[in-house]
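Construct the entire structure; sequences and hints are all you get.
Listed below, chain by chain, are the residues.
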Amino acid sequence: MKGLDHEGAPLPVLAVADLVKHFPIRKGFLRRKVGAVRAVDGVSFSIRQGETLGLVGESGCGKTTVARCILRAMPPSSGAIRFTVDGATHDLAALPRRAIRKLRRHMQMVFQDPYASLNPRMVVAEIISEPLKLNGWNDAAERQRRVAELLDLVQLPRSYASRYPHAFSGGQRQRIGIARALALNPALIVADEPVSALDVSVQAQIVNLMLDLQDRLKLSMLFVAHDLSVVKHVCDQVAVMYLGRIVESAATADLYARPMHPYSQALLSAVPHPDPRTRGDRIVLQGSVPDAAHPPPGCHFHPRCRFATDRCRAESPMLRDIAPGRIVACHHAEQVG
Amino acid sequence: MANEPILAVRNLRTHFPTRDGVVRAVDGVSFDLYPGRTLGIVGESGCGKSVMTRSILRILDPPGRIVEGSMMLRFADARLPVDLATLAEDGEEIRKIRGREIALIFQEPMASFSQYYTVGDQILEAIRLHSTATKAEARAQAIEMLRRVGIPNPERRIDEYPFQLSGGLRQRVMIAMALACNPRVLIADEPTTALDVTTQAQVLELLRELRGGQNLSIILITHDMGVIAEMADDVVVMYLGRAVETGPVEQIFHDPKHPYTRALLRSIPSVDATPRARLATMPGAIPHPLNRPAGCPFHPRCAEAIAGICDREMPPAIRLPDGREVACVLHAPSAVAAPA
Chain A
16 MKGLDHEGAP LPVLAVADLV KHFPIRKGFL RRKVGAVRAV DGVSFSIRQG ETLGLVGESG
76 CGKTTVARCI LRAMPPSSGA IRFTVDGATH DLAALPRRAI RKLRRHMQMV FQDPYASLNP
136 RMVVAEIISE PLKLNGWNDA AERQRRVAEL LDLVQLPRSY ASRYPHAFSG GQRQRIGIAR
196 ALALNPALIV ADEPVSALDV SVQAQIVNLM LDLQDRLKLS MLFVAHDLSV VKHVCDQVAV
256 MYLGRIVESA ATADLYARPM HPYSQALLSA VPHPDPRTRG DRIVLQGSVP DAAHPPPGCH
316 FHPRCRFATD RCRAESPMLR DIAPGRIVAC HHAEQVG
Chain B
224 MANEPILAVR NLRTHFPTRD GVVRAVDGVS FDLYPGRTLG IVGESGCGKS VMTRSILRIL
284 DPPGRIVEGS MMLRFADARL PVDLATLAED GEEIRKIRGR EIALIFQEPM ASFSQYYTVG
344 DQILEAIRLH STATKAEARA QAIEMLRRVG IPNPERRIDE YPFQLSGGLR QRVMIAMALA
404 CNPRVLIADE PTTALDVTTQ AQVLELLREL RGGQNLSIIL ITHDMGVIAE MADDVVVMYL
464 GRAVETGPVE QIFHDPKHPY TRALLRSIPS VDATPRARLA TMPGAIPHPL NRPAGCPFHP
524 RCAEAIAGIC DREMPPAIRL PDGREVACVL HAPSAVAAPA
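Protein chains in written order, with this note's numbering: chain A, 16 to 352; chain B, 224 to 563.
Honestly, the hints are just simulated from the structure, not real lab data. No residue lacks a Cβ here, since even glycine has one placed at the ideal position from N, Cα and C. A few of these clues could be false.
Here's a subset of chain A near chain B, in silico, CB distances under 10 Å, partners left out [said to hold, decoys possible]: (1) Thr67; (2) Gln127; (3) Ala131; (4) Met137; (5) Asp214; (6) Ser244; (7) Val245; (8) Ala266; (9) Tyr271; (10) Val286; (11) Gly295; (12) Ile298.
Chain A regions said to be covered by chain B (calculated; three or more residues, Cβ under 8 Å) [stated by the list, open to error]: (13) 174 to 187; (14) 233 to 243; (15) 247 to 258; (16) 288 to 294.
Residues of chain B clear of chain A, computed beta-carbon distances all greater than 12 Å [unchecked claim]: (17) Phe254; (18) Ile491; (19) Glu536.
In structure tokens, the structure reads:
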């Protein structure tokens with residue numbers, strides 16, 4: 016049957032398999048290709064209905080490129096992006112742009128900067144109803160009803176519909192951005208750092224709103240973020256990226272309780288705790304993330320890893336199952352975790 | 224005397240008169256910075272923490288103006304303390320203090336460098352501006368500085384341009400530049416906000432080492448309570464231009480007294496939280512600076528506000544028996560309601 020896998024379980028909303036995105040490096044008068052930046056280098060994951068996956072890592076790890084490939088804001092170099100909606104599965108990596116456009120209503124984006132992502136010349140009602148208009152909601156009264164419903168959903172007063180975004184705070188703008196993303200009941204939301212531009216007191220409100228919406232609407236979401244604390248509050252599953260690859264993935268509670276990749280460990284340990292009594296107890300990584308155009312041989316992380324051995328310097332570790340629901344790309348994961 | 228503050232700020236008010244009204248960016252802030260200690264100034268946007276640093280160095284953007292208060296800077300030698308608030312903004316005196324006594328590093332290292340000069344040229348300029356070192360001596364000093372802040376191959380890096388460095392290295396170079404003239408006070412304004420968390424850990428460790436090594440006093444400005452917990456000895460919590468609570472870091476985190484400090488600490492997401500745990504929130508948003516509420520600036524968002532008092536009177540700073548200062552009527556000796 017459509018939409019079910021061979022065992023009869025529902026297919027994941029999104030299944031990314033071996034996604035690769037290389038950016039060519041060109042040199043000289045003829046712009047000949049002399050190499051490639053492997054921004055995304057074989058990434059696989061899936062998101063089930065109603066589930067939020069956190070894609071975390073530091074700048075340059077490729078997390079935003081993954082999100083952009085999924086939304087087909089850029090074509091992937093290879094790999095499959097299987098998107099299941101209304102019982103039918105489409106490979107977004109293989110479809111032509113025109114076909115993608117038809118699917119776009121089913122996947123919506125929430126952006127980081129609520130100041131740049133709302134058109135200042137439109138009132139809130141116009142901003143939120145724009146996707147409705149573009150998708151055949153021709154009845155103005157119906158659109159108005161839907162806008163009111165969405166404002167309720169993101170807990171903004173209905174009277175805001177006739178105002179311009181400049182009158183609003185960052186948190187209110189982010190609510191408007193979320194309402195716009197939800198307008199067409201999308202099957203998948205891709206949120207790229209949706210709360211990182213907000214002040215703490217406002218960030219907490221938006222985190223809670225996202226939790227409410229997840230529960231009420233059973234949203235499926237890819238949550239791209241660098242802030243591991245926020246991810247802990249919002250995500251069911253977490254995948255940690257380093258230099259274009261996933262190094263570890265597990266259920267949120269498991270990963271935070273016992274990170275098994277040395278990089279996940281260091282990343283978690285580097286988060287400053289709001290408690291002066293835990294001061295100084297950190298794994299401080301040496302050096303910086305290597306250039307993605309010239310990654311080190313073997314395990315990409317070995318030059319900064321305190322567990323590295325000769326094997327790590329020579330042989331790239333594959334992602335392997337370590338425990339139920341947990342995959343880790345480390346030769347020594349059992350000793351590390 | 225060692226336990227006298229290097230910098231004592233009293234009742235500082237910095238205002239920006241604009242066409243639409245006066246923005247009271249800093250509105251009555253007092254604190255003491257002691258030798259070898261780190262003072263953290265923490266708050267959300269619009270709280271005035273950055274205007275605070277620019278007031279100290281007298282580099283306010285127009286139309287910003289210090290309208291009241293004093294900032295007494297003590298020197299290491301026999302010179303008499305000077306009130307920074309009374310110096311001429313572009314006068315000889317403050318220019319000798321900038322860089323030599325008080326240095327500044329800030330969030331975006333890229334913006335503080337010229338793209339057309341090498342790292343070395345820029346550090347050398349800072350060194351030679353404040354000393355009589357020859358070019359060769361200054362270069363040797365600059366290389367030594369770069370080594371001290373943990374830059375690998377300083378002999379090679381000194382001839383590179385800023386764009387050739389990673390974000391973490393750039394921040395280190397900026398720290399090297401700031402420390403080139405051995406200042407006694409380093410103001411670090413969101414020094415790690417633009418950095419990744421593992422790079423942030425490196426830079427914070429470096430700042431801690433430097434403070435230990437050269438009896439440097441640090442004023443650390445940040446919005447991140449985690450960074451404050453990690454680094455500060457003393458803390459000033461600011462909200463809308465006011466210092467709402469001032470005290471030792473341990474007390475601020477483990478026994479916060481001001482309702483804003485308490486609410487702020489509760490609303491921080493944590494890696495130790497239960498997955499998908501809801502956060503405690505404070506209602507509303509930070510008011511627009513031109514639209515300050517009457518009375519206590521925090522009262523519209525405060526769960527403990529007392530009608531008729533908090534919305535009318537600006538609460539005075541109240542000194543608690545443990546030495547802390549809290550600007551909240553709940554802690555006044557004559558308060559109607561006792562604090563929880």
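Verification of the supplied hints:
no.: 1; hint: Thr67; result: holds (9 Å)
no.: 2; hint: Gln127; result: violated (14 Å)
no.: 3; hint: Ala131; result: violated (16 Å)
no.: 4; hint: Met137; result: violated (22 Å)
no.: 5; hint: Asp214; result: holds (4 Å)
no.: 6; hint: Ser244; result: holds (4 Å)
no.: 7; hint: Val245; result: holds (5 Å)
no.: 8; hint: Ala266; result: holds (8 Å)
no.: 9; hint: Tyr271; result: holds (6 Å)
no.: 10; hint: Val286; result: holds (5 Å)
no.: 11; hint: Gly295; result: holds (8 Å)
no.: 12; hint: Ile298; result: holds (8 Å)
no.: 13; hint: 174 to 187; result: holds (count 4)
no.: 14; hint: 233 to 243; result: holds (count 3)
no.: 15; hint: 247 to 258; result: holds (count 5)
no.: 16; hint: 288 to 294; result: holds (count 7)
no.: 17; hint: Phe254; result: holds (18 Å)
no.: 18; hint: Ile491; result: violated (5 Å)
no.: 19; hint: Glu536; result: holds (24 Å)
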